[in-house]
Each structure stands twice: as C-alpha cells, then as structure tokens.
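**Student:** Just need the whole structure built from these sequences, with the hints factored in.
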Amino acid sequence: MRTKSMSLLDAIKDQIRQVALKHALVNRFKYGQAKPEPIVNKILGEFKEVRQYAKDVIAIVRDIVHYVNNLDNNEFRKLIDELNISLESEHKVETKTLPPLPNVDKWKNIKTRFAPNPDFPIHLGNARAAILSYTYATMYKGTFILRFEDTDPRTKKPMLEAYEIIREDLRWLGVSWDEEYIQSLRMDIYYEYLKKLIERGYAYIDTCNPEIFKELRNKGVPCPHRDTDPSTNMEKLDKIFAREYGEGEAVVRIKTDLTHPDPAVRDWVIFRIIDTSRYPHPITGDKYILWPTYNFAAAIDDHLMNISHILRGREHTLNTIKQMYIYNYFNWRYPEVVNLGRVGLEELILSKTWIKTQLKLNPDKFMGFDDVRFGTIAALRRRGVIAETIRQIILDLGIKGSDAKISWKNIAALNRRLLDPKTKRVFVVCDPVKVHINNLSTPLLIKIPYHPSSNLGQREYSIKSPIVYISSKDAETFMKNGYLRLMEFANIKFLRKENDTIIAEYIDGGIEEAKRLEANIVQWVPADHRINVRIISVKGMNLGITRCLGESSLLKFNLSDIVQMVRIGFGRIDTIKKKSITIILTHE
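FYI, the numbering for the sequence shown is 1 to 588, going by the UniProt record's numbering.
Since the hints were derived computationally from the structure, they do not count as laboratory data. The hints are all genuine.
List of simulated lysine to aspartate or glutamate pairs, DMTMM-like, C-alpha gap at most 20 Å:
| id | residue 1 | residue 2 |
| --- | --- | --- |
| 1 | 422 | 588 |
| 2 | 141 | 180 |
| 3 | 422 | 388 |
| 4 | 539 | 588 |
| 5 | 195 | 235 |
| 6 | 22 | 46 |
| 7 | 360 | 370 |
| 8 | 480 | 513 |
| 9 | 424 | 488 |
| 10 | 287 | 238 |
| 11 | 356 | 119 |
| 12 | 13 | 49 |
| 13 | 473 | 500 |
| 14 | 473 | 431 |
| 15 | 577 | 561 |
| 16 | 214 | 247 |
| 17 | 447 | 488 |
| 18 | 55 | 14 |
| 19 | 405 | 346 |
| 20 | 22 | 56 |
| 21 | 255 | 192 |
| 22 | 424 | 574 |
| 23 | 579 | 431 |
| 24 | 409 | 347 |
| 25 | 556 | 37 |
| 26 | 35 | 46 |
| 27 | 422 | 561 |
| 28 | 447 | 512 |
| 29 | 141 | 105 |
| 30 | 42 | 56 |
| 31 | 214 | 257 |
| 32 | 48 | 37 |
| 33 | 55 | 37 |
Simulated restraints, written as ranges between beta carbons of each label pair:
| id | residue 1 | residue 2 | range |
| --- | --- | --- | --- |
| 34 | 557 | 315 | 39 to 47 Å |
| 35 | 516 | 541 | 44 to 52 Å |
| 36 | 473 | 161 | 39 to 47 Å |
All residues carry an ideal CB built from backbone N, CA and C; glycine is no exception.
**Tutor:** And the structure:
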C-alpha cells in the first residue's frame, strides 16, 4: 500500500510544483514575501489524495517558496507573465479602483518612486504614496524606486534606525522596489549641477542678512548679490567648501521671477550651510557642510532617475512651481504629477511632529514609535491590523485630490472581514469565576477545532480536574438561567454558589440539548490548562489593561500571531512568557 501511494505522489509531483509555484507567486505579490504555510494548506486542499504525505508536500513547497522569494523584481514579473497569472483576479483590491495614469503613452517606461524622509518611521498617510506608486509601477510593468531624502541633518535630522524600519514597513505592506537611493550619498552629484547653474548665471551666493533679503524679496527687489558674476560666485562657493563661511552666513539661491505672486517662489534657497560638527549626519557625519534643500535634490534626482510619474500630497503644489525653474534651465522634461489629498485617521495620531515630541517629553507614557495609539505603520501592525487591510483601504481611496478621513470603525470592519476565515479562535475569560462540575468523569480527552468552518487544525486537552473558569458576566447569567453550555465541551446545570466558587452539575446531551434548555454557549478555560493573559486595549489616548485567564494552547503560538478571542475580539500576541502572555486587542 505504501509503494502504491508513493507512486501516486511521484506521479503528480510536477503538478504539485506547478500549482505551488503559482500560489507562491501570488502570495509574494500580496504580502511581499511568500510564506509556505498557506500554500501547503492550499495544496493539501486541492490534492487530498496526498495528505498522508504532508511532510513531502511541505518540503516541495518550501523549495518553491525559497525560489520565488529570491527572484528579483524583473524575474518575478517575467514569471508572472509566462505563467499567465492574473493578479487582478487573485487579488482584485490591488487594481480595481485605480484609474489610468495621465500621459502614459508619452513615456517609454513608467517609473514611480516613494521618497520618505527617514527622520521617523512612516505612517498611514506616507504609506498611501508608497502603495499607489508601487501598484501603478506593477500595473504598467514599470519600475519602482525607494529614495531616502535625508539632506537636512539639522531641522529634520534623520534617524539611523529609521532607514531599516521604513524598509521593513514597506516589505510588510507588500511593497518591493527595483532600485534604492540615499540622497546623502549623492552629494557630489548635487554639487555638479549646482556648479552648472552658477556657471550659467542661474544661481548665486547670497550673503545678505536673512531679514534684509526677506524685505527685498517681498518688494520684488533683487538683493545686491543677485547680479554677481559667475566667476565670483564660484570663488565664494569654493570658500564655502573650505568652511570659510559659517552656518547662516551664506546661502545659494536660484534666480526666479521676482514678480511671482507668491514670495516663497522668488529666488528660493537651493543650498544652505549646516554646521555638521554640531549637527552630524547619521551616515556622513561632518563630511559635508553645504546641503541641498528638498526641492533641489528631489528635482535633480527625479530627472536623473527617469521618474515618469510623481504621486504626492497636494501640499507639494508649490514645490512643483519651484522645481520647474531647475527643469527649464536644464531644458528637462518635468514628470507627470498626481496630487493626492491629505489622509486623516480618526482616533489615532498621525502627526510625526506630535509623536516625536511626546516620545521625547513623556517616554514613560508611550511604548515607542509603534505605540498602538499612533497611526504609524509599525503601530498598526503591532495592534493587529494586517497589511491587506491597509492596502485595500489605500486602493479604495485611490488618487483623489480631496482630503479624506479614515475612521477606525471602517478599518476594524475590513480587518475583521479579512481575518475571520483565517484566524484561529481561542478561549480567554476575563474577571474569571471558578466553576466546579460534579458528575464529570475524569480524566477525559477533548479536541476543540480552532475554527468552526475553516480547516485550521485543533488542540487537545486531557482534562483531569473538574474545575473550569468562566467570565463573571457569564457566571451571572448562568446563576440566573440555570443552564450553560461550555463551548465544544459540555452542558452544565447550576446548583449553588459556595464562597467564590459555583457548584454545577454535568448533564448529558450535546448542542441540541443546550438549545432546548436555552442555555448560553460560552468560552471557558480548564483549570489544569490555564495561563495568565493580559489584554491591552486602546481607549482614546489611554491604555486599558484587563487581566484574564486563557487556555494553555496560546503558548504554542508565535510572537505577533493574531488570534480571535472568542466573544472578546481579535488581538495580536505582544509578549510570551513561561506561563503568561500579553495580547493587544485589535478590535471586536
């Protein structure tokens, strides 16, 4: 019999590999990295005849997943096309709401970018540009780049750890990039184009007092240094590089229209001196003192990196006007711009400035940048919001230019819908009350499925003690109604209460008998298989802590696993100790 079954497995191994490959490619597209577990479940569901050789199937799937995860983006997309896999049908939320990008036919290759400032981890608003830009690049089989804009070591000083945190957040969101750049490592490129502007008379060194320049600018009057000849400006630039000018003593300005209706556009600053002996850059230290402003570095890079479409916040409209001067001077073509409205998140904090200030002033009151009261991607992940939920919300918003408010209620509803069929259900009771069950024949072995309809496995308990725990609310109902069904276990009858213990009696019958008795069906925890559970919940800007008991199978879960606590809600496992765990309540 063994030989016959193995021959069957051998006969369909190639078919299993092909199916596993398709599932792995889709899984990577959805989640950034393919994982073997869901693929194994799909294979065993489709090839029921080889379930007894699950170990062999797992080995095949692991090899396929390793192969898929090590493909670069071009190989990944090529294989998707060769196998004729429809990502739209497999994961419709990725493309269903997005309209075409403007003027696609005018560009040889569609290339988008996400350009975060690594002064702090990204939040939901930042993720919008990342997800949309990546999705469009994927739709058009183009290129997507990640660019860290870190050229302000003083006012928006980069956090060294933020670079990797942002990468990790993007991977978790299912966003992968074809190219990566760090602007602080491109300073010589910016200096090259600065010199070209000065030599051509389009930029100059300004040593005016800032207040005096502001008065002149507001009147539309040129400052005395505007008409300085290029050779003199180049000499001043050399002196800046030689550190003969200090911070605030000189800036470099680009010549614009002094009659422009917005004074901020008039001869705006493209480079400024920053004393990096006092404000060292986390990557380059004090190597440079002359730093490009955001609009200069972004403008140069968008051209050199062949960006075709920029998706960014509507508040950047003025930046487009400023950058056009650089593009016109070099006779470059400006990328297409899609202006996005601001995103607000009700009940959670998105402001990086506010979060950074609070973490600095009140470090003991918060968990860190991933505090579950914040709207950072790390915080949402820690709370138990899955990447698929965030992606779908962002794609549903689309590329609207109007501002949008996202309610936590809507996030929770979508997250719940996505989690429910694939999340294991466990028993946790809060404010526990002891129940002693008379007439219970022990020891006995019980098996409880993790999900009523999805095949997520089961846990087994050898019950030796007649004592179980239920919540105080369920205890009150039990004493009032007289009957109770312990979920997936037994029907019991209330007899009396002795001190803090309810004395009950086991009665025959299953779920039908419980229905006849109109008994409530409740979760419970066996006394000899219990652990301590601490549930952390968000209540406005406060955290609530509820101490409960849970079943011991919770200790078999991994850190960061999401579970559904029956009749309580979904939660993410935050800490695991020998006999206790902490769960952050995601939502009901």
